[in-house]
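J.: Fit chain B to the supplied structure of chain A, relying on the hints for placement.
In order, the protein sequence lines correspond to chains A and B. The first sequence: position 450 = 450 (our numbering), numbered continuously. Just add 1000 to the spot in the second sequence (first one is 1) and you have our numbering.
In case anyone wonders, no lab produced these hints; they're calculated from the structure. Don't take each hint at face value.
[Said to hold, decoys possible] Listed next, the in silico DSBU-like pairs over lysine-lysine satisfying Cα-Cα at most 35 Å (straight line):
(1) B/Lys1142 <-> A/Lys399
(2) B/Lys1423 <-> A/Lys36
(3) B/Lys1620 <-> A/Lys667
(4) B/Lys1642 <-> A/Lys276
(5) B/Lys1156 <-> A/Lys423
(6) A/Lys642 <-> B/Lys1620
(7) B/Lys1142 <-> A/Lys423
(8) A/Lys423 <-> B/Lys1423
(9) B/Lys1704 <-> A/Lys642
(10) A/Lys371 <-> B/Lys1049
(11) B/Lys1423 <-> A/Lys437
(12) A/Lys642 <-> B/Lys1223
(13) A/Lys423 <-> B/Lys1553
(14) B/Lys1676 <-> B/Lys1620
(15) B/Lys1468 <-> A/Lys399
(16) A/Lys423 <-> B/Lys1036
(17) B/Lys1573 <-> B/Lys1553
(18) A/Lys642 <-> B/Lys1667
(19) A/Lys704 <-> B/Lys1642
(20) A/Lys156 <-> B/Lys1399
(21) A/Lys667 <-> B/Lys1642
(22) A/Lys156 <-> B/Lys1553
[Stated by the list, open to error] Among the chain A residues that face chain B by a calculated CB cut under 10 Å, a handful are:
(23) Gly55
(24) Gln165
(25) Phe171
(26) Met320
(27) Asp357
(28) Ala361
(29) Tyr644
All C-beta atoms in this analysis are idealised placements derived from N, C-alpha and C, irrespective of residue type, glycine included.
Chain by chain, the residues run as shown.
Protein chains: 2
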Amino acid sequence: MRTDLDRLFNPRSIAVIGASAELGTISGQPMNFLVKRGYGGALYPINPKYQELLGHKCYGSVEALPETPDLALILVNARLAVKMLEACGRKGIEFVIMFSSGFSEIGEEGASMQEELLAIAKRYNIGFVGPNCQGMIGVPSKAYAGFGSAFIYDYKPGPVSMVSQSGGFGFSVMSLAAMEGGVGFRYVVTTGNEVGISTLDFMRFLIDDPQTRMIASYTEGMKDANRLREIGEAALDARKPILVWKVGNSEEGQRAVASHTANLSGAMALYQAAFKQTGILQIEDIQDIVDYSSAFQCGKVPCGNRVAIITISGGAGIMMTDEAIARGLAVQPLSPQTVEKLRPLVPAFAALGNPIDLTAAIFDDTDLCRKALELIIDDPLVDSVTMANAGLQGEIATKVAREVANVARRSDKPIMLGWSARKEVAGEAYALLDEVKVPHYRSPMRCMRALAALTHHAEACRRHEARKAEPLLRITSEQARADLAGATTDLAEYRAKQLLARYGIAGTAEGLATSAKDAARIAGSIGYPVVLKIQSADIPHKTEAGGVRVGLKSAAEVEAAYEAIMAAVHRYKPDALIDGILVQEMVVDAVEVILGINNDPLFGPALMFGLGGIFTEVMKDVAFRLAPIQASVASEMIREVKAYPLLSGARGRPPCDEAALVDALCKLSALAVDLKDHLGELDINPLFVLPAGRGVKAGDALIKPRLK
Amino acid sequence: MRTDLDRLFNPRSIAVIGASAELGTISGQPMNFLVKRGYGGALYPINPKYQELLGHKCYGSVEALPETPDLALILVNARLAVKMLEACGRKGIEFVIMFSSGFSEIGEEGASMQEELLAIAKRYNIGFVGPNCQGMIGVPSKAYAGFGSAFIYDYKPGPVSMVSQSGGFGFSVMSLAAMEGGVGFRYVVTTGNEVGISTLDFMRFLIDDPQTRMIASYTEGMKDANRLREIGEAALDARKPILVWKVGNSEEGQRAVASHTANLSGAMALYQAAFKQTGILQIEDIQDIVDYSSAFQCGKVPCGNRVAIITISGGAGIMMTDEAIARGLAVQPLSPQTVEKLRPLVPAFAALGNPIDLTAAIFDDTDLCRKALELIIDDPLVDSVTMANAGLQGEIATKVAREVANVARRSDKPIMLGWSARKEVAGEAYALLDEVKVPHYRSPMRCMRALAALTHHAEACRRHEARKAEPLLRITSEQARADLAGATTDLAEYRAKQLLARYGIAGTAEGLATSAKDAARIAGSIGYPVVLKIQSADIPHKTEAGGVRVGLKSAAEVEAAYEAIMAAVHRYKPDALIDGILVQEMVVDAVEVILGINNDPLFGPALMFGLGGIFTEVMKDVAFRLAPIQASVASEMIREVKAYPLLSGARGRPPCDEAALVDALCKLSALAVDLKDHLGELDINPLFVLPAGRGVKAGDALIKPRLK
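Excised from the complex, chain A in its bound form (with noise of 0.2 Å):
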């Protein structure tokens, strides 16, 4: 599949199949506006119907056309929609945008007339968009070829482009963002049931666009969503910020996605994690990507999370100040040489703790607000600075605005404004904001929203940076893929933990034992207390089965343990057939923890982390990430869970070898990348993690082969 795109987005020549005389249709509508918005290549209709359409000649078929277009719009009904591929294909046409409906979306036998349409693009390499969706707008080349509302403006170019797999939805939000926000588009594309040409490979695509500074997404769901952190990561390469608006997220919001685009909507949890590992930012509404593309365009980026917040109203400093807590900026007190600098400047009763207020008195004295913005900028201690005006106009407005704009140009740390005035009233204040580019939001809470993304961004870039540098743990046995690739059944418990031994995740000590007086030889060499527990592939719930005996201190309590343990699995399921009885050592003072491995269908092999038991089963209080991950990333991920002051001393305990666990989780995920063709998933639960320096045991653990 095509993925060189410039062509797609730049063609020379468009042919429209199934172009309406009809202007106001769906299908009358790409040609209209094609001319309409001045689109400067050729241009053939194709429509049996008439001769001419918009004066430009219209032609009877595919085959008719007197040279090969770049790229064809297929604009008839599903059915013939299929048909008219295949002639572009034969014609040789590179890309192709297919707006039909009536595919996967609704059912099964638009599904396999999906499939021939895959079919078709893979056979003559077509660079495939759709089908299903409404089209693109190529800002620079002016080729505004599909339909809807958004067609009947002419924006002006910009560093933002987009990719939505909604295409009302999709334009809709393109045409406000642009209209009303001011942000500037390159490239907008609709991709509706991603057959070809998926969200990923515009995204990929234009991370190596040197004019696209920032990429917007709609998305309901990725087929190739295992690509997603390689390009999240090629984006933070390149700096380029990544906003994902990802809908589908409830059971409900799921059933809706299979019936509009039918794209796979995954687990949540995973794209969580994914858009956690790269930095991608994740946008809720409209307003977030007009808000979040004026900050990036700032061109600054803040060294650290440390906001002064300055204010000439109290109110909105102490709402700004509870947004940047909840979006994990610090704000923390200026310095004392700062504050006695300012002290002097200020009325009495103006705060200079962080919010910062000046007061109103700022009405009386503007040079108050240069000199203040100055010793607060150029504070160390200070990362990024933010400003509320509240309604500040007029006069005192530009005054203001000339201030900040001189501070800024000074400056290297961002600075961004929350300025609620109108724009009738505050007209010139904002000009001379935009020519230096600093951001100015209407509410000062969308202001601190916008710089949290900026520094979110900004951390991942240089975490991102910090991680390559930093080793990731591989290991290779190949006993262990021979082992699982030739398995059918699930490894429990002492088979599993042999599997895990071979990636240095050591067990607990044990033995299977398959006498009682074995049983008792192996408990004295463990050492007491012990644990004896059947193991048997008919026995999944050992406890239930009566196949579990605990605290066993010596070997006569073993002995008896043994004969009580067989009877009872005997009574429980007579036919069972018993690998024999575990004897292991009994871990006490450990803190028990849930290491896992879910090998997605669609993102490929996740690892979680958790607490034991009702932490994990009822709390939902887990960590996810994408396999590979370097020991910072695991760090990460136990921190993570609410519960982690568990592992770090709560309620008088002593603190958990947390290295130990950093290391069993760098482990398993290097297990993770050596098995992903064979494993379909794997719990160690518990995995029992001791106090620091005594490292972490795996008590049990199961594993599941991948399914083909």
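T.: Just chain B now, kept in the frame of chain A:
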């Protein structure tokens, strides 16, 4: 303090103390704006420097005024302001707004001056607003009595009144909401340090004000928060929504509150509890005031939480579904009858689940829109309807809007639209919707948020009515009051449980032993196994002192344990005063929960519920409500915690006796009310919740008397 505030907002005459001829300054603006905005009453500037100001005779002092004005504005510095307030009092002025800063927000000196203000206001029964505020606007009377950029506009009167502790921020919100969001305001007042009339006083007044239909508020904290619930309930009786923007919720934000308006910020958890109990809607940005205001003005009340989501492009539907679910609405399939009738109207690829995607086919046939809308809104499984129209514009937009308006006219169910078209291209459509008060929003997300607010408020009103009919348990115990009133130290374990028993909350079977023989005798009468626990006010940490033994199965074990505890405790603290050793039944099969009362200085007695230990301390998984509560509220608390499944039978446990737990919470609520003058804190930790039908038992308890 005066709280009949009609005269404040509609004064017949206003004195402006400290009015300045420099009209741009803070002390120059109020007089200037009153004149400019056309205030019709008498104006008395007071400043010995001038003979005349803006055409009004200027007076040298308050005493010199020819009449007693209804309202005085004080604009002089803090020190002088105190004197001026005294002068106003002597003159008999009923209402005073003090703008001056420099009181408790600057520290101790200011705080003592603030106390003087309070004393004077009380002495003369002055309705006092401020200090450290920015005045008010009474829109109907054109009493634009304040300063700042909001005052340059003439506002159209409307049904929304607003109280804001922050002046600059409050007025900037008002101005933006009015001028860009079209919100019509009635009374807007800023309260600053709230020495006199409080936010809640204003709310109480506005609930009774017939022309106010919605109350908005920005607050940093309420000194009289104990009235929040009563006022919230009065608003529910009046069916008026209260919107509260509560800031100062982070630790850093609370610090900022102290230096801004110096209001007590209090525990956010209790504000949340009060908001939840009384259906007060929390808002988070300026936009919410605008959006909710138009939602509430639609005049329709959803009878339930089932929303039908109609789109012309599926993308918006999925996102709205996510948002609806996240906000507690239900997105359920339409009835089969409705689907059957819809099917022939729409293209084959249209999705008729919910969301209902009518697809872009609507471009070709607006009739479809009306028919579909009628069928959907009349579906008995639908309580409200939203429709997302993307960027629909021009003639077709007008047609669609006309159909929507027609349907809205003849249905009692709310219908609200997400519509992203710019006003320039859909103005006619928007006007048609405005005419019939159909709310429409630029973003589908905002549409759903607003509908959720409308739905939650309707639910709160219904719940409130139901609760008024629900019995409220009251228990009075003179003995308990007397016991606690006399207490100077904490009541621990058995004494606390004796007090609980007076309110019907049973404890474990137990007895206090003072000898080993005694202990064995008590154990025999309780039945084995038992637990032994040391009882001593000097030993708060019993386990640490070796003062607890569990699982004792015979008289011999009990006697041995008695002696062992005594020996251990003696080693631990030789001089401890010992009451004896408690012999207690050992409860098995129970889930351990915590019930608590915190008699908060701001809110009064609040009830707490959570699961034991880690769940409360580490996971912070707790529910709060203000006492008293009915059984339905107790139920709500129990089901609110994330760990609730542990009570209802997760992980193969038998379901717990939830009815008994509800009963215990109601009894604790009765206790909290009965003892509110004497109780500081109370914890039942653990309360054993036995399997269904077997009740609950207090395992341990601690009561701290209220410190005067």
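J.: Under the constraints set out in the numbered hints, which ones does this structure not fulfil?
T.: 13, 15, 22, 23
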